[in-house]
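Work from the hints to combine the two standalone chains into their complex.
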Amino acid sequence: MGFIIFLILLVAIWQGGYWIGVELLHWWKPYAMPSPVGVAESFLNLCEDGRLLEATANSLLRGIGGYAIALATGVLLGLSIHRSNYLQKNLKPLILGIQTLPSVCWVPFSILWFGLSTQAILFVVVMGAAFSIAISVDNAIKNVQPIYTKAALTLGANKKQLYRYVIFPACLPELVTGMKQGWSFAWRALMAGEVMTTSIGLGQTLIMGRDLADINQVMLVMLVIVLVGIIIDKCIFSIAERRILSKRGLSGRNTDIE
Amino acid sequence: MSLVLQGLCKRFDNSDKDTLHEIDLEVATGEFVCIVGASGCGKSTLLNLVAGLEHPSQGKVLLDGAEVTKPGADRTVMFQEHGLFPWLTVLENVQFGMKLAGFSKQQQEDKARYYLEMMNLWEYRDYPIHQISGGMRQRTALARSLTMESKLLLMDEPFSALDKQTSNRLREELQRIWMKTKQTILFITHSVEEAVYLADRVVVLSPATGKVAEIVTVELPRPRHVYAPEFVALRHKILEEVRGEAV
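Protein chains in written order, with my numbering: chain A, 1 to 258; chain B, 1 to 247.
Excised from the complex, chain B in its bound form (with noise of 0.2 Å):
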């Protein structure tokens, strides 16, 4: 799996300036990488980019290379909102994407099953929707992407609308998962902490130019702890760089 960005430009119609201006960007497999900039700096617009939900201005997205034109299967999005379905339960939803692909019932089975136990809902596996917290619900829908095991894993902000207790919870859960997975991952966020996290490399945009302002490697070991001195130390830096090129 590889995924190149190759000078991708974004410019709304309603706007006289690129969103997003000539980015490059590659992501190796089994890669982590998280993108972080401040508010308004297109880096929802890229993640859609990549996941075709929206079409580049100029330049395009290759995955595998083969140019992006729609969205697909093999580019799962979790979302901010979680996206499950309120007519289905907790099980259907999470076996939606494998019935869209036509695997077996057993398979279906089997696989939301074991992704429900990592999750650990697989005893409410009968819920419906409403009837389970906004974490469980966000549990849920990384489950429902998870199935997939797609070349490439998108996450647009997932753990942003959860309290701050839950949403740490959930992203040590991706960690361990992460760490066991080794699955491809782009991950959204407006938290530097929760890049650092998480990511092997750390993409800034900058609001101002709509360009990549820097990318910093992460080299800590995981599991990573947020308090420690090499980690606070990094997150600093990059919070000055996002903070510089606010506007």
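If we strip away everything but chain A, and leave its shape as in the complex, we get (with noise of 0.2 Å):
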């Protein structure tokens, strides 16, 4: 509740300023300067006519692909780097190196490759997020405790029944913060992706806000593609982190916070 109170005084001091800086003493120009009122207005247009949803929707259908083949790659790439000493030693750091590049840069690349495809919004989103899963699949799997390794073991498990039903289990937690930062970074990723082609989405709208000169469209679309980031943020991940943190007795409440 007090955060709605926030979100209303925060709109509440925009328009407020925009009425003071722009209509009253002519600081900003009109157009570089968006408002509330005017937000709502291009919300209330681009509703009209389905565009919004359209490209809303498009987003975040190639957000999920994308983010699925992210996770497929990392995956399989953080196992491989688990289980091979001579990957763990050469392969890891470059990846830890190539993880810090923004997803933007793999822009060119994509292009050439795949022209102004999906496939080329795709190849720009797994690059900008199967690395920092591999990453955090491998942290997690070596986070294992060992005395969970030595109990299973000296129970009778074999390899097979380790990896299933003990060092999956006891990564999960770690797994899914992983998986979370995954998906932000593929989010970014996207956006990165989207502002470059023609294909509809919240990206190109944004990008066709500016065309347009009409800072309101890029305004909102910012808007909307930080809603959709909580939203899936808030809805999947958090909760499947708080479930399984307070089942086993560790209170989830720390890890919502970045």
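Treat the hints as calculated values from the structure; they're not laboratory data.
It cannot be assumed that every hint is accurate.
[Said to hold, decoys possible] Here are the computed lysine to any residue pairs in the SDA-like style, where the Cα-Cα straight-line distance is at most 25 Å:
hint: 1; chain 1: A; residue 1: Lys159; chain 2: B; residue 2: Leu63
hint: 2; chain 1: B; residue 1: Lys60; chain 2: A; residue 2: Asn158
hint: 3; chain 1: A; residue 1: Lys234; chain 2: B; residue 2: Trp87
hint: 4; chain 1: B; residue 1: Lys164; chain 2: B; residue 2: Arg243
hint: 5; chain 1: B; residue 1: Lys60; chain 2: B; residue 2: Arg11
hint: 6; chain 1: A; residue 1: Lys150; chain 2: B; residue 2: Ser44
hint: 7; chain 1: A; residue 1: Lys180; chain 2: A; residue 2: Leu96
hint: 8; chain 1: A; residue 1: Lys247; chain 2: B; residue 2: Asn48
hint: 9; chain 1: A; residue 1: Lys150; chain 2: B; residue 2: Leu63
hint: 10; chain 1: B; residue 1: Lys105; chain 2: A; residue 2: Gln161
hint: 11; chain 1: A; residue 1: Lys234; chain 2: A; residue 2: Lys89
hint: 12; chain 1: B; residue 1: Lys99; chain 2: B; residue 2: Lys60
hint: 13; chain 1: A; residue 1: Lys180; chain 2: A; residue 2: Met222
hint: 14; chain 1: A; residue 1: Lys150; chain 2: B; residue 2: Ala161
hint: 15; chain 1: B; residue 1: Lys111; chain 2: A; residue 2: Arg164
hint: 16; chain 1: B; residue 1: Lys182; chain 2: B; residue 2: Arg171
hint: 17; chain 1: B; residue 1: Lys60; chain 2: B; residue 2: Cys9
hint: 18; chain 1: A; residue 1: Lys159; chain 2: B; residue 2: Ala73
hint: 19; chain 1: B; residue 1: Lys151; chain 2: B; residue 2: Glu117
hint: 20; chain 1: B; residue 1: Lys105; chain 2: A; residue 2: Asn158
hint: 21; chain 1: A; residue 1: Lys89; chain 2: A; residue 2: Asn143
hint: 22; chain 1: A; residue 1: Lys150; chain 2: B; residue 2: Asn48
hint: 23; chain 1: A; residue 1: Lys142; chain 2: B; residue 2: Asn14
Small disclaimer: the values here were computed from a predicted structure and weren't measured.
Below, the structure is given as structure tokens:
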């Protein structure tokens, strides 16, 4: 409840500032400064012809698709790094390095290889998220307490049972945290990919706002991007995290603050 | 069942001296053997070698004539930290080994019930591990080990992380259970009192040489009482031995 009041207050200050700075004192040009009312009008406009919904749905589908590929790639890569000492020593430092690369850096490659297509966007998403997922898979397995493995082995677990019944559940909390971080990387990378292409999506709608000098549309799309990110995080990852942790008697309260 | 340790040596990579040096020991079926020694004498290393969690530098561990090379359900270990899985309930933890071995649901249920009732834990079967006390966790771990009905039960200071009262109660329970099951047990402890209370034989390890310093047979009838004069005398004698070997 307090948060809603805070938001209302924020919007009120924004509108007040716009009114004073743009309309009263003419400090800023109206085309360079969005206003709450302008954003709301833009929202109604884009809703009316269904463009906003279509763009959001497209982006979301692409995001989920790209994330799924990134997840599969990342988990495979993470497992290989974990299982092979050679890769652990040589490939992991490299992946750690690549992981720091902003996803937008993959855009030139993706355009050259895939053209201005959906594949190009997906490529950027996968490159943006897979490496961080791989690193967190490797770390999660490494952080499994040795006592669990020892206990399972002396209770007769073979290699397959050990991974399935002990290592996987033991590293689940950390895995979900890694998946959540992977999602936020994927979502950001998606926007980096979408602003360069012409396929309908949130990124493209944002760039269209820029091209039409419609700063309210730009602001609106930015808000939608943030909102979708928050909703996915709160409705999927944070809930999963909290469930897993509370089942084990560990409080999940600290983990959803980033 | 017979456990034979033959000229067992263990030297760690970062050391220039054997932690364990030419240990020879035989444990007979149904025997309760305690290993004591000052800290750093390699008690836990010895247990890990028998469990197959570590490999000897020289010599071998023979179980029924076969050399031990890796961990297995015929040598279940109960650890100092319970080693229960926090994502499972008390019952699921106790059934874990049986599930791996492919027991039927009914068998798992029956056996888990038998041992959980023995440990007075049946009514807590659906509790998650974090909601039961330290003593109950260790009793759950004991029940989990017992369900395996393994040839050899290895116990690595299982009661030493508990408060004195709980640990005394648990060793009484262990004595009671052992008198019933007569399972072969190799028990590591730093407490001479615990060793004399539980064991048929007490093996004293020497941290200086890494060898067996002495083996004392305890012939006191069970149930034993720690304040009985014979108990106190024997405990004193072994304690002197351990102190003499300490470095």
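Structure-based check of each hint:
no.: 1; hint: A:Lys159 <-> B:Leu63; verdict: holds, 22 Å
no.: 2; hint: B:Lys60 <-> A:Asn158; verdict: holds, 23 Å
no.: 3; hint: A:Lys234 <-> B:Trp87; verdict: holds, 23 Å
no.: 4; hint: B:Lys164 <-> B:Arg243; verdict: holds, 22 Å
no.: 5; hint: B:Lys60 <-> B:Arg11; verdict: holds, 14 Å
no.: 6; hint: A:Lys150 <-> B:Ser44; verdict: holds, 14 Å
no.: 7; hint: A:Lys180 <-> A:Leu96; verdict: holds, 18 Å
no.: 8; hint: A:Lys247 <-> B:Asn48; verdict: violated, 32 Å
no.: 9; hint: A:Lys150 <-> B:Leu63; verdict: holds, 19 Å
no.: 10; hint: B:Lys105 <-> A:Gln161; verdict: holds, 18 Å
no.: 11; hint: A:Lys234 <-> A:Lys89; verdict: violated, 36 Å
no.: 12; hint: B:Lys99 <-> B:Lys60; verdict: violated, 31 Å
no.: 13; hint: A:Lys180 <-> A:Met222; verdict: holds, 21 Å
no.: 14; hint: A:Lys150 <-> B:Ala161; verdict: holds, 18 Å
no.: 15; hint: B:Lys111 <-> A:Arg164; verdict: holds, 24 Å
no.: 16; hint: B:Lys182 <-> B:Arg171; verdict: holds, 15 Å
no.: 17; hint: B:Lys60 <-> B:Cys9; verdict: holds, 8 Å
no.: 18; hint: A:Lys159 <-> B:Ala73; verdict: holds, 14 Å
no.: 19; hint: B:Lys151 <-> B:Glu117; verdict: holds, 22 Å
no.: 20; hint: B:Lys105 <-> A:Asn158; verdict: holds, 20 Å
no.: 21; hint: A:Lys89 <-> A:Asn143; verdict: holds, 17 Å
no.: 22; hint: A:Lys150 <-> B:Asn48; verdict: holds, 10 Å
no.: 23; hint: A:Lys142 <-> B:Asn14; verdict: holds, 23 Å
Checked against the numbered hints given earlier, this structure breaks hints 8, 11 and 12; the rest are met.
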